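Colleague: Sequential numbering of the sequence shown, starting at -5, is according to the working numbering.
Note that these hints are calculated values from the structure, not bench results. Remember, predicted model here, so these are calculated numbers, not experimental data. Virtual Cβ for every residue (Gly too), placed ideally from N, Cα, C. Careful: at least some of the hints might be erroneous.
Computed spacing ranges between beta-carbons, pair by pair [said to hold, decoys possible]:
| # | residue 1 | residue 2 | range |
| --- | --- | --- | --- |
| 1 | Trp69 | Ala(-2) | 18 to 26 Å |
| 2 | Thr49 | Asp13 | 33 to 41 Å |
| 3 | Ala63 | Leu26 | 37 to 45 Å |
Derived DSS-like pairs (lysine-lysine); straight-line CA-CA distance at most 27 Å [to be verified]:
| # | residue 1 | residue 2 |
| --- | --- | --- |
| 4 | Lys16 | Lys77 |
| 5 | Lys70 | Lys16 |
| 6 | Lys73 | Lys16 |
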Amino acid sequence: MFSAFPELWAFLTSLEAPDGSKRLPGTASLSLNGAVWSVALNDPSLGLYSALSSTNLDDLVVMIESRMADGTMPWKLSKYPAKKK
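Model the full structure from these sequences, guided by the hints.
Modeller: This is the structure:
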């Protein structure tokens, strides 16, 4: 399944940043509220988070992959500081 979503898989599992530095893997939290699926992503190494929602789970995962691939993920600064790697 995750071979179809390499950006998301790398975000969740990679221990190395593109520049070769060490990084903590990201986390994802999935929730369903009524008919709306939401995924919250957290990048502890950079102190960033993002959340996206859709009524269709498949569309949501494709949206996350696409936004991560083209650099349009709506990242926001977390109130929690970046963690040391």
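Colleague: Does each hint hold? Answer for all of them.
Modeller: Hints versus structure:
With their beta carbons about 23 Å apart, tryptophan 69 and alanine -2 fall inside the hinted range of 18 to 26 Å. Taking 33 to 41 Å as the suggested C-beta distance range, the pair threonine 49 and aspartate 13 conforms, at roughly 37 Å. Judged by the Cβ atoms, the range 37 to 45 Å given for alanine 63 and leucine 26 is violated: they are separated by roughly 25 Å. Annotation: proposed proximity of lysine 16 to lysine 77 holds, straight-line Cα distance about 11 Å (limit 27 Å).
Simply put, lysine 70 and lysine 16 have alpha-carbon atoms about 21 Å apart, close enough for the 27 Å limit, and the pair holds. With a C-alpha separation of about 22 Å, the suggested pairing of lysine 73 with lysine 16 holds against the 27 Å cut-off.
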